[in-house]
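Line by line, the protein sequences give chains G and D. Under my numbering, residues 1 to 157 are what the first sequence spells out, in order. Under my numbering, residues 1 to 152 are what the second sequence spells out, in order.
Note that these hints are calculated values from the structure, not bench results. In this text the structure is predicted, and so the values were computed from the model without any measurement. Backbone N, C-alpha and C fix where the C-beta goes; we use that ideal spot for every residue, glycine too. Treat each hint with caution, since some may be false.
Stated by the list, open to error - Which stretches of chain D does chain G cover? Using the computed rule of at least three CB atoms under 8 Å from a CB of chain G, they are:
hint, segment
1, 43-57
2, 75-85
3, 92-101
4, 117-127
Stated by the list, open to error - Footprint (simulated), chain D over chain G, 3 or more residues, beta carbon under 8 Å:
hint, segment
5, 12-25
6, 45-56
7, 59-70
8, 76-85
9, 116-124
10, 143-156
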Amino acid sequence: MIGAELFPHGIARYAIGGALIGGGVAFIYLSTGIIAGASTFLESTLSYVSSVPRFNRGSYVASRDWRVVFTLGIVLGAAVYAVGWQGGAWTTDVQWWRLLGGGILVGVGTRLGKGCTSGHGVCGVGSMSRTSLVNVATFMAIAIGTAQLVQALGVTP
Amino acid sequence: MSRRGAAFYLSVLVGGLIFGFGLAYSHMARPEIVLDFLQFEDLGLLFVMGGAAVVSGTTFAVATRLRGRAPLTGEEYVRRLKSFDRNVVAGGAIFGVGWGVSGICPGAAYASVGIGNWPILWAIGGMFLGAYAQGLLRSQLTDASAGPTAAD
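Input sequences plus hints: build the corresponding full structure.
Pasting the structure below:
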């Protein structure tokens, strides 16, 4: 069966989880009018400890408090899942240098590109923004090529 | 500037809870699942991003048509439209390499902390380093160039 090959874990958990992610965005949007992305937190939080002008722009300083609260909510929500559904902590086998090196590039790329998987991918695509569609198409294609290259080089996981 | 009281922050917290629970429930908080998708071994992630975009997109479309205002801030409902320039493509490409190497993106990384995945702190540390480096460099470039250049 092709479905079982392409979706070895089915689609229910993916679709339900995705709808909840969109639901969290929708909840904040409807109550506050704010479109919440996840990666601006990386820069706005730096404004607490750095005097670099880029991090102390008005829009960052004005939003840094709620972005901290949003991120805490994300951590707590995932912790609820871990306790209630996952049966405790889960840790990755992906090697530390992949996480660190990839993380640095994610930090540079999401801020240079004005958004990440949630800002462009969920909110921007949901807004039918051409800028976001171009950004998502770019990072998707490059990420697929990169992951397959790393795999072909024999790095697992 | 809008009024921001307890109800505002509580609302952001609850929204974040739902968002983070969804990331954990979908397994997108696990780098392995993202890498499986990028390696075409499990395409389920399409339903995570697609499902999220459909729900948020429907919400944006309905709210902007009703032309109301958000109860907690009085803000108008608008869509997320950012200006296009070459940084959108360059940044997307750099992010793509990072996502393909690590299997993790910012929101999923925060959720990964919540599911007990402590090694993800390597990735979050890296993200802050990367965000700091680009901010420092861009601030210096802006200082160096004459006149008030737009920050992005």
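Verification of the supplied hints:
no. : hint    : result
1   : 43-57   : holds (count 15)
2   : 75-85   : holds (count 10)
3   : 92-101  : holds (count 10)
4   : 117-127 : holds (count 10)
5   : 12-25   : holds (count 13)
6   : 45-56   : holds (count 7)
7   : 59-70   : holds (count 5)
8   : 76-85   : holds (count 8)
9   : 116-124 : holds (count 9)
10  : 143-156 : holds (count 9)
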